[in-house]
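Participant: Line by line, the protein sequences give chains U and H. For the first sequence, counting from 1, position 101 maps to 288 in this note's numbering; every step adds exactly one. For the second sequence, counting from 1, position 4 maps to 1121 in this note's numbering; every step adds exactly one.
Source of the hints: derived by calculation from the structure; they are not laboratory data. Just so it is clear, CB atoms sit at the ideal spot from N, CA and C, and this is done for glycine as well. Hints may contain errors.
So the derived label-pair ranges between C-beta atoms look like this [said to hold, decoys possible]:
no., chain 1, residue 1, chain 2, residue 2, range
1, H, 1194, U, 247, 39 to 45 Å
2, U, 287, H, 1198, 30 to 36 Å
3, U, 215, H, 1147, 25 to 31 Å
4, H, 1132, U, 203, 32 to 38 Å
5, U, 292, H, 1225, 22 to 28 Å
6, H, 1194, U, 225, 31 to 37 Å
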Amino acid sequence: DAGVTQSPTHLIKTRGQQVTLRCSPKSGHDTVSWYQQALGQGPQFIFQYYEEEERQRGNFPDRFSGHQFPNYSSELNVNALLLGDSALYLCASSQVSVEKLFFGSGTQLSVL
Amino acid sequence: DAKTTQPTSMDCAEGRAANLPCNHSTISGNEYVYWYRQIHSQGPQYIIHGLKNNETNEMASLIITEDRKSSTLILPHATLRDTAVYYCIVNQAGTALIFGKGTTLSVSS
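Construct all of the structure, not just a fragment, from the sequences and the given hints.
Facilitator: Written as structure tokens, this is what we have:
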């Protein structure tokens, strides 16, 4: 049983560009959460998707948007990239009735 | 903002018990205590959670004080592979987990 898979594993972009990160949840999971982790910090909650709707959102600007597909996979989009967006982006999946999160290994985004 | 306070770092000898403390003095009656850990270059991994009773699983034990204002995660026989950042999180069911900076546990031989 594959766990949470994220792609790509590494990405380099330039300021002002747009990026899309992808996540496939663990089998049987219907909820996907996205986190941003800067170097030396704990993960910061971006948003959570359930039934293709954004269910909760953290303190991130509208440049950060997402989508969940009928097969429960999800995308995180970031527009107008800033240097400060350089971070590890983590996807976590869960079942809506169960609080236990399973995390992927993340996508390391570098903005130059 | 995180609702918990943890020491920045701790050391433990291999084979000994690692006791990681967490203060959560403002915890509400319907909030759970969760513990996750993050090994370098990996995503966080769930360890254990509890509401008010002590809990044990194959990874660790969670001891919650009677007033629920603090808790301790116990790794009974620490190994080198337990070296990681350990996050204590207080969370209401149905809401997003909010991570703090955690405790960096270093296990040495």
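Participant: Hint by hint, say whether it matches the structure.
Facilitator: Structure-based check of each hint:
1. Between residue 1194 (chain H) and residue 247 (chain U) the C-beta distance comes to about 40 Å, which sits within the given range of 39 to 45 Å.
2. The supplied range of 30 to 36 Å is broken by residue 287 (chain U) and residue 1198 (chain H), whose beta-carbon atoms lie about 21 Å from each other.
3. Hint check: residue 215 (chain U) to residue 1147 (chain H), Cβ distance near 26 Å, so the stated range 25 to 31 Å holds.
4. At about 53 Å, the CB distance of residue 1132 (chain H) to residue 203 (chain U) disagrees with the hint of 32 to 38 Å.
5. For the pair residue 292 (chain U) and residue 1225 (chain H), the supplied restraint of 22 to 28 Å holds, since their beta-carbon distance comes to about 26 Å.
6. About 33 Å separates the C-beta atoms of residue 1194 (chain H) and residue 225 (chain U), a value consistent with the hinted range of 31 to 37 Å.
The structure fails hints 2, 4 (numbered hints given earlier, in ascending order).
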